[in-house]
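Colleague: Assembly of the complex is requested from the two constituent chains, each provided in isolation within its own frame, with the hints serving as guidance.
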Amino acid sequence: MALSKMTIWELRQIFKGKKFTYAFIIQFFVILAIIPLFDVYSDILEDPKEIVLPTSNSYLPVAVSSSPLEPVLRENTIFRVYNVSEEEAHALLKSHVVCCFVSGEKIIFDPTNPKARVAEFHLQRLLQQEPDIETSFVLNEKPVVPRERLIARQIAMREIRRTAEMMSSEEINYSTLLVLLLAIFLASGILVDLIVSEKEKQTGEILLSLPVPPWKVMFSKVFSVVIVLISQIALWIVTLYVLGRVSSLFSMLPLFLLSFLILSLTCLVSVYAKSYKEAGFAITVSYVLLFAFLMSASSFYIFSEKFSFLSPVSLVIMIEKGQSTVTGILLAALPAFVASCALLVVSAVLYGRDEFYFGPRPSIFRLLTFPFAGVALLGVVMYGAAIFYGVAS
Amino acid sequence: MRIFTLARKEFKDILSERIYIITLLLQIFVVVGIVFLGMFYAQIQYSITYVGDVYVESDNHQFYEQLTRDERIRLVNTPDTAVAVITVKEGAIDVEMRDGRFANDVEDVINRAYTNMRFEWGTVSAGPNPVFIEIMNSLLIPLVLLLPVFFSMNILSDSIVKEKERKTLEILFSVPMRREEIIIGKIIPVVVLGLAQVIAWTTLLRLIYPFLYNIPLVILFLVMIMAFFFSSAVAFSTYAGTMRESNLFLILFMMAVTFLVFVPFPKEFSFLSRLSPMGGIVAFSSNPGLLITEVVPYFVVYGILSLGSFYVASRMLSKDEYTRLG
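If you read the sequences in order, they're chains F and L. For reference, each letter of the first sequence is one residue, going 1 to 393 in this note's numbering. For reference, each letter of the second sequence is one residue, going 1001 to 1326 in this note's numbering.
So here's chain L without its partners, still in its complex pose (with noise of 0.2 angstroms):
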C-alpha cells in the first residue's frame, strides 16, 4: 500500500507541473504533424510515378489484365485524354505517347506487365496507396507510440536528481519501505501517465489510419518497454551527480536507442532490428494475425531488459555513494 501512496504523491507532483502538461498537449501536435509527414511523402511518391490515362489495344488478355493491376495508369475506353496509347498486335508492342516527359514511366508500366504476366496474381483489395501503409506502420506509428516513453524518462529522471538536489531522497529512505518499492511506486504515475498518452495516440491514429491491429497486446508490450525504458532512467539519474549529468546521461541513451531503431544494417546484421523496440510494435500492430512463437520472444528479450535494469536500479539506489549529491 505504501507503493501507491507513493505513486499517488508523484501523480500529484507531475500533474502539479504547468510544463509536463503542457508539453503532454504539444505531443497532439507532433502526432499530427508525423501523420501528415506521412501523407506528404506519400503523395509526393504518387505525384512522381503516376502517369495518368491509357488507352489499351490489345489481343494479349493477360498482359491487358496485368495493366489493370498497375495503380500508375488508368485505362480509359477512348484515346481522347490519354497520355498514351498501347497497341498490342501479334506479339508486338507499338506505343504512341502525347507526352513526352511520361515515356520512361510508360515503358516500365509495359514492362513491369509483360514480363509478369508469367505468374498468376489473385485480386488485392482497393485501399491507400501502399508506399502510404508501409511508412505509417512500419515507421510513424511506432514512433508515435514511442514519443511518451522518451517523453517520460524526462520527468523520472528529473524526479530522482530534483529529490538528490534537495536532499529529499534520504527522508524517502528513512520510510519502512525498500528500495524496489521506491522504485515501482516513482515509476507506476509516469507508466499511467505514459500509457494514457499512448491510448490517447491511439484512438487518435485510428480515425486516420484504421489499419492498426491488436491494440492490447502493443500496449502490454509498450508496457514491458517503459519498465524497461524507466528502469533505465532511475539507474541513470542515481548515478548522475546533478541535473545536467543526468540530462548528458538521457541523452547518451537515447542516442544509443536512436541507432538502434533507425541505422540500416547490411543484410548479414539485420537480426540485430529484433532487438528494437520499434520492431515489435511493427510486427504487433500491423499484421492482424500473429503466431505466438513471434510474439513471445519479444516479451522475453525485453523481460529480460526490463528485469536487468530493475536490478541494478534498486542496487545503485542502495548505494549511499549514489544517493548522496555530487
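Just chain F, with the same shape it has in the complex (with noise of 0.2 angstroms):
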C-alpha cells in the first residue's frame, strides 16, 4: 500500500469527528485573537493611564471623604473607593477594610495593612505635579556609586528597554511567532493520539498484521500530522504577514523546523510510551528541556553568528533583523533539520520491534547500546566542538 494512501486515510480519521474540526476550527481563530493581545500591551507601555490589567483593578481600597483628591483616585481604577463620612472612613481603616483614608488634603494609612505601602506608591506617583519652581543642577563628577550597583542598574535597565521595544516593534516581532506554538503543541497531541490509541485501544495489532511495513505505517501517522501544521503554520504566517506582524514570510521556516523537531520528538516519546499518562508526561519533560535548551541557545546568536546554529529560534532573530545569508541559514537549519530525521529514524526502528507493542518493553538504560548510544556520543562531541570553535574564534 502506497504511503500516500496511508497517509491521506490517517488525516481523514484525524477530521472524522465532526466535534473537533469544528473544535479546530475555533482554536485558529483563538489563538488568532491573541494577536491583538499583543498590541493592547504595547497600548500600556505607552499610556498606562488607560487600560488597567484586570488582577489589579479595584486593589487599593480607599476610604474618601470630601476631598478634591476624589476624581484622581476615581480615575485610576487601581483605587476601590468607598466615598463616606469621616466616623464610617475610621471604622473601615479601624476594621482594615481600607488601607488608606484620604479626608481634605490629609491622607492617612493603615500602618498594619501592607497595601497601604502600595497606596502610597501609587498615589505619590499620581499626585505628583509639573512644579512651579526651578532647580538648577550642576555635574561635579565623582566615583560614589558603588560598581556592583552600576552594573545592576545597568542590566535592569537593559532588559525592560528589550522588553519594551520587542513589544512595540513591528519588525522584530517574534513574540507572535511565539504563540504559534500552542498550533504545534496541539499538532503534537494528536500525534500522541495517532500512535498511542493504537496500543490502548489494541488496533495497532490489526495494522501489524497487514503486509506493510512499520516503518509505512508509522510515517503514514507522522505525515498526516506534518501536513496540517504545515497547512496551519502556513496559513498563520500569511495572515500574520497581511496584517503586518511580521516582516518577511520566511518567517515560516524556522517554525517549520521548530515544529519538525517537536514532531520527531513527540513521535519518538510516543513509540516508547505504553500509554497516554506516560506519553503524556514523558513529552511534559521532554519539551521543557528541549525549550530550555533552544531558548538558552539562541540567546549565544546574539554574541556571535557563529553560534547560530545552537538553535533554530536563531533563525526568526536572523530573518526579522534582515541578517540571513544563505550559509547562516544553512547553519542554524541543518543541526535541527538532521537531529529531527535522527529522531525519526530511531522511532521508525522501535516501532518496528514487536515488544514496543507487545511488551515487556526494554528499559531507557538499556536502550542505550551501540548504535544508538554511539550516534548519540558522537553528535554531542560535535556540537562541543562547534561550541568550541565559535567560542575561539
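Just so you know, these hints were derived from the structure itself, not from any lab. Computed from a prediction, not measured in an experiment: that's the story for all the values here. Backbone N, C-alpha and C define an ideal beta-carbon position, used for all residues, glycine too. Hints may contain errors.
Said to hold, decoys possible - These stretches of chain F come out as covered by chain L in the derived footprint (C-beta under 8 angstroms, 3 or more residues):
hint, segment
1, 56-67
2, 100-108
3, 212-220
4, 338-350
Stated by the list, open to error - Under the rule of at most 20 angstroms between Cα atoms (straight-line distance), these lysine to any residue pairs were calculated in the SDA-like manner:
hint, chain 1, residue 1, chain 2, residue 2
5, F, K94, L, P1288
6, L, K1162, F, K142
7, L, K1162, F, G204
8, F, K142, L, V1085
9, L, K1012, L, V1030
As the list claims (entries may be wrong) - Restraint-style ranges between C-beta atoms, simulated for each label pair:
hint, chain 1, residue 1, chain 2, residue 2, range
10, L, A1256, F, E87, 40 to 46 angstroms
11, F, S136, L, R1069, 19 to 25 angstroms
12, F, V72, L, F1040, 30 to 36 angstroms
13, L, K1167, F, L290, 35 to 41 angstroms
14, L, G1303, F, V242, 44 to 50 angstroms
15, L, Y1311, F, L290, 41 to 47 angstroms
16, F, D132, L, D1080, 47 to 53 angstroms
17, F, Y22, L, T1293, 38 to 44 angstroms
18, L, R1074, F, E87, 36 to 42 angstroms
Modeller: Now the structure itself:
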C-alpha cells in the first residue's frame, strides 16, 4: 500500500469527528485573537492610564471624605473608592477594610496593612505635578556609586528597554510567532493520539498484520500531522504578514524546523510510551528540556553569528533583523533538521520491534547500547567541538 | 454512601498513577519559580529607580519631610558618599550631581517631594518593596492557588474519557446511582487533592510572603471555583468522543479563562474583571478586612456558574449519544 494512500487515510481519521473539526477551526481563531493582546500590552507601555490589568482592578481600597483628590482616585481603576463620612472612614480603617483614608488634603494610612505601602507608592506618583519652581543642576563628577549597583542598574534598564522594544516593534515581533507554538503542541497531541491510541485500543495489531512495513504505518501518521501543521503555520504566517505582524514570509522556515523537531521528539516518546499518561508526562518533561535548551542556545546568537547553529530560534532573529544569508540559514537549520531526521529514524526502528507494542518493553538504559549511544555520543562531541570553535574564534 | 465508595475508588486510581504524583511534585518547582519571578521583577524595578545616598540642606521642613518618604533615596548626614547634594534656600533649589546618570531620577524625586508637600501624609510602616507586594498579591499568589485547579481538570477529564474508551462507563451506569451522584463521586477526590495542594502552597507561600489573609474564605472560594471548573471538565469530556477531542476542548476552555484573567480591559469594561476567578482570590487574600457586601457577589456568581455547569454535565451524562464512544 502506498505511503500517500495511508497518509490520506490518517488525515481523514483526524478530521473524522465533526466536534474535533469545529473545535480545531475555533482554536485557530482563538489563537489569532491573541495577536491583538500584544497590541494592547504595547499600548499599556505607551499610555498606562487607559488600560488596567484585570488582576489589579480595585486592588487598593481607599476611603474618601470631602476631598479634592477623589476625581484622581476614581480616574485610576487600581483604587476602589469608598465615599463615606469621617466616622465611617475611621471605622473602615480600624477594621482594615481600607488601606488608607483621604480627607481633604490629608492622607491617613493603615499602618498594619501592607497595601498601605502600595497605596502610598501609587498616590505619590499620581499626585505629582509640574513644580512651579526652577531647579538648577551642577555636575561635579565623583565616584560615589558602588560599581555593583551601576552594573545591576544597567542590566535592569537594558532588560526593560528590550521588552518595550520587542512589544512595540513591528519588525522584531517574534513574540507573536511564539504564540504559534500552541498550534505545534496541538499537532503533537494529535500525533500522540494517533500512535498511542493504537496501543491502548489494541487496534495496532490489525495494522501490524497488514502486508505493510511498520515504518510506513508510523510515517503515514507522522506525515498526516505534518500536513495539518504545515497548512496551519502557512495560513497563520500569511495572515500575520498581511496584518503586518511579521516582516518576512521566510519566518515560516524556523517555525517549520521547530515543528519538525518537536514532532520527531513527540513521535519517539509516543513510540516508547505504553499509555497516554506515560506519553503525556514524558513529553512534558522533554518539551521543557528542549525549550530550555533552544531558548538559552539562541541567546548565544546575540553574541556571535557563529552560534546560529545552536538553535533554529536564531533563524527567527536572523530573518526578522534582515541578517539572513545562505550560510547562516544552513548553519541554523541543518543541525535541527538532522536531529529531527535522526529521531524519526530511531522511532521507525523502535516501532518495528514487537516488544514496543506487545511488551515487555526494554528499559531506557538497555536502549542506550550501540549504535544509539554511539550516535548520541558522536553528536554531543561534534556539538561541543562546534561550540569550542565558535568561542575560540 | 455509594458516592463515597465511588470517590474512594477514583481516589485510589488517581494515586496509583505515578505520573499524577510526579506532576504534583513538579508544581513545587513551579510555585517556587513563580515567587522568585516576582522577586526578580521587583528587584529590577528597584535597580532602575533607586538613586542612593542624598545629602540635603533645607530651610523648608515640609520639603525635607517629604524627601524622607521617598524610598528611592537614602538621606545621609554628610555629603561624602552622596550621589546628589540638594540645597534648598529661600525657595530656590540647587543640586550638585556627583553622577550624571542619576540626574533625571533626582529631578523626579525633587519634583515629587516639592509638589506633594501640599498634602499631609500619614505614617506608613516599613516593609517589602511595594511593587513586590502588588505583583505577589494581584498576580502571582492567585496564579499559584489556581494551578492545582488547572492541573486537576486534566485528571478528571482523562478519567471520564478513559471510562468511555474502555467501555466501563456503561458498567458504572448500571450501578443504582443517579448521574449527579456519579459526577459528585468523580469530582470529590479531585477536589480533595486540589485542596490538599492549595493548603500546601498556601503554607509554603506564607513562609516566603506572610501577607496572606482570610485563608479559610479563600479556600472556600477555591472550592466553588473547583466545582465550576470540574463540572465543566465533566461536561467537555462527556461531549468529547475521544481523548484528542477532550484535550482540545479543555485547551479552548483554558484559553478562554486565560483571556478573562490576563486580557487588560479598557476602563469602560473593567467591571468584567469581576467575573475573573483571580479577582475574587485577589480581593479575599490581599486585604485583612472585608465587607460582606463585597464577598457575597463573588460567591453568588460562581455559585450560579457551578450549578449551571453541574446541571449541564448531569444532563449530558444522561444522554446515551454522549456517553457512547465515537
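Colleague: Hint by hint, note whether the structure agrees.
Modeller: Now for the hints, and whether the structure bears them out:
1. Restraint check on the segment 56-67 of chain F versus chain L: 5 residues with Cβ-Cβ distances below 8 angstroms, three needed, restraint holds.
2. Counting residues of the segment 100-108 of chain F whose C-beta lies closer than 8 angstroms to any C-beta of chain L gives 5; at least three are required, and the coverage claim holds.
3. Evaluation of the coverage hint for the segment 212-220 of chain F: breached, as 0 residues show C-beta separations to chain L shorter than 8 angstroms, against a requirement of three.
4. With 0 residues bearing a CB less than 8 angstroms from a CB of chain L, the segment 338-350 of chain F misses the requirement of three and the coverage assertion fails.
5. Among the hinted pairs, K94/F with P1288/L is consistent with the structure: their alpha-carbon atoms are about 11 angstroms apart, no more than 20 angstroms.
6. Simply put, K1162/L and K142/F have alpha-carbon atoms about 71 angstroms apart, too far for the 20 angstroms limit, and the pair is violated.
7. For the given pair, K1162/L sits about 18 angstroms from G204/F by alpha-carbon distance, which is consistent with the 20 angstroms threshold.
8. A C-alpha spacing of about 12 angstroms is found between K142/F and V1085/L, which places the hinted pair at or below 20 angstroms, so the restraint holds.
9. Of the supplied pair hints, the one linking K1012/L and V1030/L is violated, its CA atoms being roughly 25 angstroms apart against a limit of 20 angstroms.
10. The supplied range of 40 to 46 angstroms is met by A1256/L and E87/F, whose beta-carbon atoms lie about 45 angstroms from each other.
11. Roughly 24 angstroms separates the CB atoms of S136/F and R1069/L, a value that falls within the hinted 19 to 25 angstroms.
12. Here the CB-CB span from V72/F to F1040/L is close to 31 angstroms, well matched to the stated 30 to 36 angstroms.
13. For the pair K1167/L and L290/F, the beta carbons lie near 36 angstroms from each other, so the given range of 35 to 41 angstroms is met.
14. Here the CB-CB span from G1303/L to V242/F is close to 45 angstroms, well matched to the stated 44 to 50 angstroms.
15. Taking 41 to 47 angstroms as the suggested C-beta distance range, the pair Y1311/L and L290/F conforms, at roughly 42 angstroms.
16. Between D132/F and D1080/L the beta carbons are some 33 angstroms apart, a value that contradicts the proposed interval 47 to 53 angstroms.
17. Taken as a hint, the range 38 to 44 angstroms holds for the pair Y22/F and T1293/L, whose Cβ atoms sit roughly 42 angstroms apart.
18. Hint check: R1074/L to E87/F, Cβ distance near 39 angstroms, so the stated range 36 to 42 angstroms holds.
Taken one by one, the earlier hints fail for this structure at numbers 3, 4, 6, 9 and 16, listed in ascending order.
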